[in-house]
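Chain order of the listed sequences is W and G.
Sequential numbering of the first sequence, starting at 115, is according to the numbering used here.
Sequential numbering of the second sequence, starting at 115, is according to the numbering used here.
Treat the hints with care, since some could be wrong.
Using 25 Å as the maximum straight-line C-alpha spacing, the simulated DSS-like pairs for lysine-lysine come out as follows [stated by the list, open to error]:
(1) G:442 / W:172
(2) G:479 / W:119
(3) W:220 / G:192
(4) W:170 / G:442
Calculated directly from the structure, the hints in this document are not laboratory data.
Since the structure is predicted, the reported quantities are computational estimates derived from the model, not experimental observations.
Number of protein chains: 2
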Amino acid sequence: MSNQKITTRKDDYSQWYLDVIDAADLADNSPVRGCMVIKPYGFSLWDNIKNVLDNKIKATGVENAYFPLFIPKSFFEKEAEHVQGFAKECAVVTHHRLELDKKTGKLIPAGPLDEPLIVRPTSETIIYDMYSKWIQSYRDLPILINQWANVVRWEMRTRSFLRTMEFLWQEGHTAHATKIEAENRAQEMLQIYIDFVQDYLAIPVLSGKKSESEKFAGADTTYCIEALMQDGKALQAGTSHMLGQNFSKAFNISFLDDQGESQFAWQTSWGVSTRIIGALIMVHSDDQGLVLPPKIAPIQVVIIPIFKDEKEKQSVLKVAQTLAENLKKKNNLAVKIDERDLRPGVKFFEWEKRGVPIRIEIGPKDVMSKSVVVARRDTGEKIIIKTSAVVKTVNELLEKIQSHLFDKAKKFMADNSHQVDTWEEFEKIMSNRGGFVYAPWCGRAACEEEIKEKTKATIRVIPGDQPKEKGRCVHCSQPSENRVVFAKAY
Amino acid sequence: MSNQKITTRKDDYSQWYLDVIDAADLADNSPVRGCMVIKPYGFSLWDNIKNVLDNKIKATGVENAYFPLFIPKSFFEKEAEHVQGFAKECAVVTHHRLELDKKTGKLIPAGPLDEPLIVRPTSETIIYDMYSKWIQSYRDLPILINQWANVVRWEMRTRSFLRTMEFLWQEGHTAHATKIEAENRAQEMLQIYIDFVQDYLAIPVLSGKKSESEKFAGADTTYCIEALMQDGKALQAGTSHMLGQNFSKAFNISFLDDQGESQFAWQTSWGVSTRIIGALIMVHSDDQGLVLPPKIAPIQVVIIPIFKDEKEKQSVLKVAQTLAENLKKKNNLAVKIDERDLRPGVKFFEWEKRGVPIRIEIGPKDVMSKSVVVARRDTGEKIIIKTSAVVKTVNELLEKIQSHLFDKAKKFMADNSHQVDTWEEFEKIMSNRGGFVYAPWCGRAACEEEIKEKTKATIRVIPGDQPKEKGRCVHCSQPSENRVVFAKAY
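One chain only, chain W, in its complex shape (with noise of 0.2 Å):
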């Protein structure tokens, strides 16, 4: 962890959102390029991330499996829209050994493999070529599958969590008999999303469809949720796909209905990956750094025990113990007593760095008064309360700070929300504080392709909730059916 100051969100967004990781001590760069290291207290954010979805995942009925790491490169082949979306920026391997190479002494590739083999960067083709084996009967359907596990994707510019080479995601894989129930599951895996990421990690979003051109490539439709950063760029924190038959036709997924006549499958597949810490991240955190929201922080409450010899840091450490025991057991928290010879100063501005949610202070006098002081990471507000009062105090100001988290961000995403009509507006938004920008947009790809060439704004959605609204494109005039959701984005 570094002790240097953290560049402020003013002064330079992009620097800032890399200082707090560092000073939070969420990961690392590796000697690979464009492959991190998430560190312990990175990895025990993922690790509640992991534990929460999972749960809410398994709650629907699905259940997790493994599959290869590896693709066959023929499988690429198969779904052409596919081949499309992914084949450009994957890693190959080619060799299955290293032999030394006596003039230079250095170790060269060698064992050249028939065909080649792709790191996955999406299951689909892989998962599908199995499903094709297990599904026969309508009997044997629905498939409801999940797997953790790490894919690859050859990016040229990578940046912490938000766009790495290797990333660590879940990715779910369904099929069924009909085609409405494929659309139910795609729609009730958005729904899960949309109350993970706002419920736990206080992230307001916007939910809707992707257009034909940001969509999945293989589906008929791909869903999405969307949230906004302090900077005013959109960040994509999860997707679900109905992906129709594009794949159950590719990979012969056929069944024979209780007519006995033989049918595709309909599937869908859906995914949130390590990204979401990214957005975490940014949404939350101030110019001291990280701000985690309660429910899914690794620490919940930190103690700081204050002492100047001996005698009294066995006296604070005593009472700074029991509160730490009874914060977990009556209401199952994560709290840690900070006990190292460092002064409390510097240990306040650790724990803030990391963005734990509430910060009790224990000195003599406290001892002596029966009393603590309770600090605040989000509004860095400080009480002092009767230590009686500890555990009752404290699960109240949690929920407060979850929900206070939650209310910001969404007051931060009205304020930067903006309905345009103007091209000239338009183009005004995108040059100065972006934000999600909701405009008549015509349904045309090349003009979609023209507003991003000239804006670097993107459609991120189309809402589902949106009243139908006639109107003219607020890039081409051509006549219009509704508002999407324009932002630039990462």
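We have chain W; now place chain G onto it with these hints.
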């Protein structure tokens, strides 16, 4: 899941193993040579193993993190012994794109890498490169990190769970200021593995050191646990390596000690993989299929309602549901009610093949008499008990089954362990039933190699708790210091 009959162990042990996996629906072969698919039931077994082991590891102060999948080729050139051990069998990434070949219409690898990347066969090199950045002072030590990850070794002959090209594991990596601390950590982790495998998987093990030729490439000492399968072959179920300063010197992990002197760190690494599921299957299962120890079984109790019509179904189901709720709440058990419209016999057969420790049958007559039938998977024993006694009885039975499986396996190991002093007897045992052979050995690698060539037996472990016993090598008759344990192995 196949409905075919399981081959008996006597007829064809290898086929029996594959049949058990297939009948229990644990895994399937994938289209990628040597890679398997872990199906939901098999994966929930791995998840249980992972959860228990993860808690035990964390309780010793270790934290989880995540390091890159890829390792730069040059890292393999740094630690000579390690290269020898792993360079032979690895997946080499040489390109980062697929391009359409216009002549053939096929995709071909494009975008050659300046330096090839190796898919990790194990992560010492990439992790220790990071440690060299993180460690400067004795205050930065110890570092205690574990990761749960997939690794790849290019195996020529593969077999589900036992030896697959890609497998899942945990790999722990520590760095310490002193040799004794590292040595203690290596032994502490070995003890964690012994306790876990014996207490949860009900598999008795031998433990101790590996011989020089069997140890991990790059370690000073490799500690291991070895279990005995029903065909008399040994299986290594976990290893813990005292790495000494081999890697810290190769990767320059140095620190200033409390006297201001520069020192190289002392290190350990230790791991358990999905291989252990192979041991679990082979130690306990029988000709009827999988047998699982209750403490690790994904489903501990299956309830089969027996009925002829809808009315019977409702009354039986009501009792079944109450029972299930009680077992879940009071005993925290994993209980499943099999409500499917299949004949009871078919269901009995299926859950037997899946190794569920206890089956409860409830029919209309049982509802009348307020009793149920309880059947044990391990012994096949059936008892009729009052419904009111189920919670207590099931709890006791699960404990009995757990210890019965361990005792049975322990007896098998004892019955198949032999003190051998003559080469004639050694060869005879190895060409017949196999087992653990405690024999005097001269300590020479050449002799060890000859024994392997002649009998396929290797030194599995040099037991730590054996008394010194001067004698003559069982093979070459040169003087020996103590007995070591030979066996043919997976």
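Against the structure, the hints:
1. G:442 / W:172: At roughly 17 Å apart (the allowed maximum being 25 Å), residue 172 of chain W and residue 442 of chain G satisfy the hint.
2. G:479 / W:119: Not satisfied, since the Cα-Cα distance of roughly 76 Å exceeds 25 Å.
3. W:220 / G:192: 11 Å, holds
4. W:170 / G:442: 19 Å, holds
Taken one by one, the earlier hints fail for this structure only at number 2.
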